[in-house]
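Residue numbers (numbering that gives the first Met the number 0), protein chains in the order written: chain B, 0 to 185; chain Z, 0 to 296.
Don't read these hints as lab results, they were simulated from the structure. For clarity, every value in this text was computed on a predicted model and none was experimentally measured. Honestly, I wouldn't trust all of these hints.
[What the hints assert, rightly or not] Computed footprint of chain B on chain Z; a stretch qualifies when at least three of its residues, placed anywhere within it, have a C-beta under 8 Å from a C-beta of chain B:
1. 9-16
2. 79-89
3. 224-230
[What the hints assert, rightly or not] Non-contacting residues of chain B with respect to chain Z, defined by C-beta distances greater than 10 Å in every case (computed):
4. D15
5. P59
6. D83
7. L129
8. Q134
9. A152
10. L166
11. R167
We put the CB at the ideal spot given by N, CA and C, even for glycine.
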Amino acid sequence: MEGSDALLAARLAAGDDRALAEVFDQLAPSVYGGALRVLGNGSAAQDVVQDVFVELWRHPDRYDPAVGSLRTYLVVLARHRAVDLLRSELRRVARQERHYRLTPAEPPGTASDDVMAAETASVVRAAVQLLPDGQRRVVELAYFEGLTCREVASAMGIPEGTAKSRLRLAMAKLETVLDRQLLEST
Amino acid sequence: MSTTDRDQVLPMGLRERVMAASLLARTVGQPVPAVPEISADEAFARAADAFYRLLSTLSEQGWKTEALRGLDVQGLVGHLTGVEHDTHRALAGDAAVADAEHVESTQGSAVRQAARSPAQTLDEWRSAADHTLELARVADGDLAAGGCDDRIAVHGIRLPLGDLLVVRAFELWVHDNDIRRAVGLPPSVPDPPVLRLMSDLAARMLPYAAARMGLHPVDVHLVLTGPGGGTWDVAIGQGTGSHEATGQDSLAIVADAVGFCRLAANRVTPAELGPHITGDEDRAAGVLTAAATLALD
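Throw the hints in and build the complete structure from the sequences for me.
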């Protein structure tokens, strides 16, 4: 397919829906598989696939065949979308944990919501556990306990700048850990 | 990319869901980047301005260079003046020009230029083109008020006023390029909004050209690439015009928009156009050959 990527891009720009269907049939399994690796959740991965193909259809001119294959473009786009989704999920899980800690007696949400949240949260927590101790602790304090960087620094007895840099490193590593296999493959 | 990812089985319904969401976000056939819509008279005005700019750069020798059908550039401009005059008559409802032959009817005007200076030829053509625009705008107002027939007949074609003006813009661009070729200038490409109107007209005229050639029914999915292009589903003969599975024979033709317009002007051959065909190659060749018969010359 790579040899005809420029033609496909031109067809997409011309509003050719058959070109979109062809690209989907050829590349959607890769896009879906990549998103699934990052997210570990089929429903969320389907949302990523939809986002990626709608984006391609609305803005086909953002893909430049001279830069790389359409497959790589879409898979990388999917990875970015999946990581964005994961980040927001990380924040949601952290908020939820803080909320439950403050109001332990509150009844949980619906069964399906809980299953979805639990699946995603377990993926996120597993990834956090793989971080080096210093970085893991910063993430736990900042995200799960809701501390500011200054408060994290004080709690850990380190300068605020160090806390910030550890948090940045931790987030970058977290993304890498979560989609390492996908990155290697592309 | 791992084999696992490439072989990933998609959930049921995902394809339909993604296609539906995509087509809601952007209509089929709508080009990206979006091309501003312009009126047909604006397209004609732009083509006339571009033609005038070209003629204004020509040397005395350039005006005397043979350009087309044995006519030098000056004679070719005279032909176009003749076309404008016949268009004026058509807009005035003169039935005599309805079936007049395009070249023969204007040959007198073409030949007359030999006794004139290039400046006189240029001025006469410019005045005639400007008058076409004035008459068209008046006629357009009358049409809006329901004052006259909505089709104009000239040189064997009978079209709504807007389409006729696009035909006029088309012919100016084609002869602009005839002159460029004759005097050794690089070819020109219309503005994307003008090209979009020209591509659209050529796509819509395809069934008529195919009917004249007696082509068998076929649905043609025509994709014209590049700025000013788009996608059209064209029903030829008793074709359905739908690209969905209907049991009807169907073809997909993908070609450069400018190239396709040159084909419709009979300035390139189907082979020179180099289209990408899906479906029966022979039938596609028939459709492309029919497209080339749209030319008035």
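Self-check item: Violated hints, by number in ascending order, as checked against the structure
Solution: 2, 4 and 5
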